[in-house]
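Engineer: These protein sequence lines are chains A and B, in that order. Reading the first sequence from the start, the letters are residues 74 to 343 in the numbering used here. Reading the second sequence from the start, the letters are residues 26 to 104 in the numbering used here.
Bear in mind the hints are in silico, worked out from the structure with no lab data behind them. By construction, the Cβ of each residue, glycine as well, lies at the ideal position given by its N, Cα and C atoms. Hints may contain errors.
As the list claims (entries may be wrong) - To give a feel for the contact side, a few chain B residues facing chain A, derived at Cβ under 7 Å: (1) Ala68; (2) Ala72; (3) Arg75; (4) Met76; (5) Pro84; (6) Glu86; (7) Leu104.
As the list claims (entries may be wrong) - Sample of chain B residues at the chain A side, in silico, Cβ under 10 Å: (8) Arg28; (9) Ala36; (10) Asp55; (11) Arg58; (12) Leu62.
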Amino acid sequence: MRILGLDLAFMILFWILVGPPLAAVGWLAGRLPVPTWAHLGLAPLYALLFVVLLLAMAGIVRTALPALKPGSYPFPGHRQSGAWLAHFALMRVMSFPLWSRLVFAFSSLRWLWFRSLGARAAFDMRTAVDITVTDPSLVEVGQGSMLSAGTFLAGHFIENDHLLLAPVRVGKGAQLHGQVTLAPGAEVGEDAVVGPGTTLLPSASIGCDAHVGLGCLLHNGARVGDNAVVGHQAVLEADVVVGAGAVVQAGARVPRGTVIPDGGRFPPRE
Amino acid sequence: MTREELLQLLAAWVGDITDAAPPPITPETDLVRDLGLDSLALAELAAKARMRFKVRIRPGELAADLRAGAVADLLLSRL
Chain A
74 MRILGLDLAF MILFWILVGP PLAAVGWLAG RLPVPTWAHL GLAPLYALLF
124 VVLLLAMAGI VRTALPALKP GSYPFPGHRQ SGAWLAHFAL MRVMSFPLWS
174 RLVFAFSSLR WLWFRSLGAR AAFDMRTAVD ITVTDPSLVE VGQGSMLSAG
224 TFLAGHFIEN DHLLLAPVRV GKGAQLHGQV TLAPGAEVGE DAVVGPGTTL
274 LPSASIGCDA HVGLGCLLHN GARVGDNAVV GHQAVLEADV VVGAGAVVQA
324 GARVPRGTVI PDGGRFPPRE
Chain B
26 MTREELLQLL AAWVGDITDA APPPITPETD LVRDLGLDSL ALAELAAKAR
76 MRFKVRIRPG ELAADLRAGA VADLLLSRL
């Protein structure tokens, strides 16, 4: 029954968001003094108008929802868990492929998508059309940054009946290559480069101008300092600290809690 | 710092990155083709330059021209 109730709530939200823009576009089309066949030629404009109105509706609905606060909450049952469900449902409607692909093809519409859902996103960021942002209101994306195909930004994590909410930050000029995953609390500094397929688990971070190779895994709380270089397919276990300008060799597995000093290397040279 | 001194510094950095003796470097030496540096080694080189001179080098900027002379000129333009 609970699942059906959630579906019903989602249907109502879908209708609230999509119904008025469709009706408005239909009303406008009906008023235009053009022959029937001309409406086909105007269809792309109708689609864009629909999307703009949909984004406006999303912005209105989102501001009416309780704000998400970072923290760990019982799930379900806590007020923040309910608020998160509402934000998540809103994101799902707005990510429906029929219009999200159109939105993400235009820089300005994409920016409106982020802003209407509460993200702090710079206007001149670059993204692929197939990125996934599960919790826009917890996301911050800096000016000139790049989110490549398949990038996945998640501001939430559900484990053992608890919901973890934490901000996800991508600094100015940072480059996230294909299939990069950022978990709640993950942070990528200014002008950092993150290679394809790399995953940052909760609260892992990469400093400014750092370079992390492809296929790396940064466990919970692992920190890569400014200007550090992490080789391909390296694994940094929980709470590892890679100092500023330090280097982790490709394929290395750095044990939990290891601290590599500034300018140091792992494994150390003999 | 002169261009020649920067070339010598580049050679020392390449030696440190590759854990070998500093290679002979001329302005026409290509860091990838002639010295075998890969993308991570170039990132390490850029990091060394940023930390030593406190200059801004954007991701991929070194890759625009991989000849040692061009890299030295890029650094000189930022000093």
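Engineer: Each of the hints needs a verdict: does it hold here or not?
Structural biologist: Checked hints:
Because the beta carbon of Ala68(B) sits about 4 Å from the nearest beta carbon in chain A, less than 7 Å, this interface hint is met. With a cut of 7 Å, the hint placing Ala72(B) at the interface with chain A holds, because the nearest CB-to-CB distance is about 4 Å. Given hint, Arg75(B) at the interface with chain A, holds; its Cβ is 6 Å from that chain's nearest Cβ, closer than 7 Å. For the restraint placing Met76(B) at the interface with chain A, the shortest Cβ-Cβ distance is roughly 5 Å, inside the 7 Å limit, so the hint holds.
Look at Pro84(B): its Cβ gets to within about 5 Å of chain A, closer than 7 Å, so that hint holds up. Of the supplied interface hints, the one on Glu86(B) is violated, with its beta-carbon coming no nearer than about 10 Å to a beta-carbon of chain A, more than 7 Å. At its closest, the beta carbon of Leu104(B) sits 17 Å from a beta carbon of chain A; the interface hint therefore is violated under the 7 Å criterion. Given the 10 Å rule on beta carbons, the hint for Arg28(B) is violated: about 24 Å separates it from the nearest Cβ of chain A.
Taken as an interface hint, Ala36(B) does not check out: its beta carbon lies about 19 Å from the nearest beta carbon of chain A, beyond 10 Å. Interface hint status for Asp55(B): violated, as the beta-carbon distance to the closest one in chain A is roughly 20 Å, over 10 Å. At its closest, the beta carbon of Arg58(B) sits 21 Å from a beta carbon of chain A; the interface hint therefore is violated under the 10 Å criterion. Taking 10 Å as the C-beta contact cut-off toward chain A, the hint placing Leu62(B) at the interface is violated, the least distance being around 12 Å.
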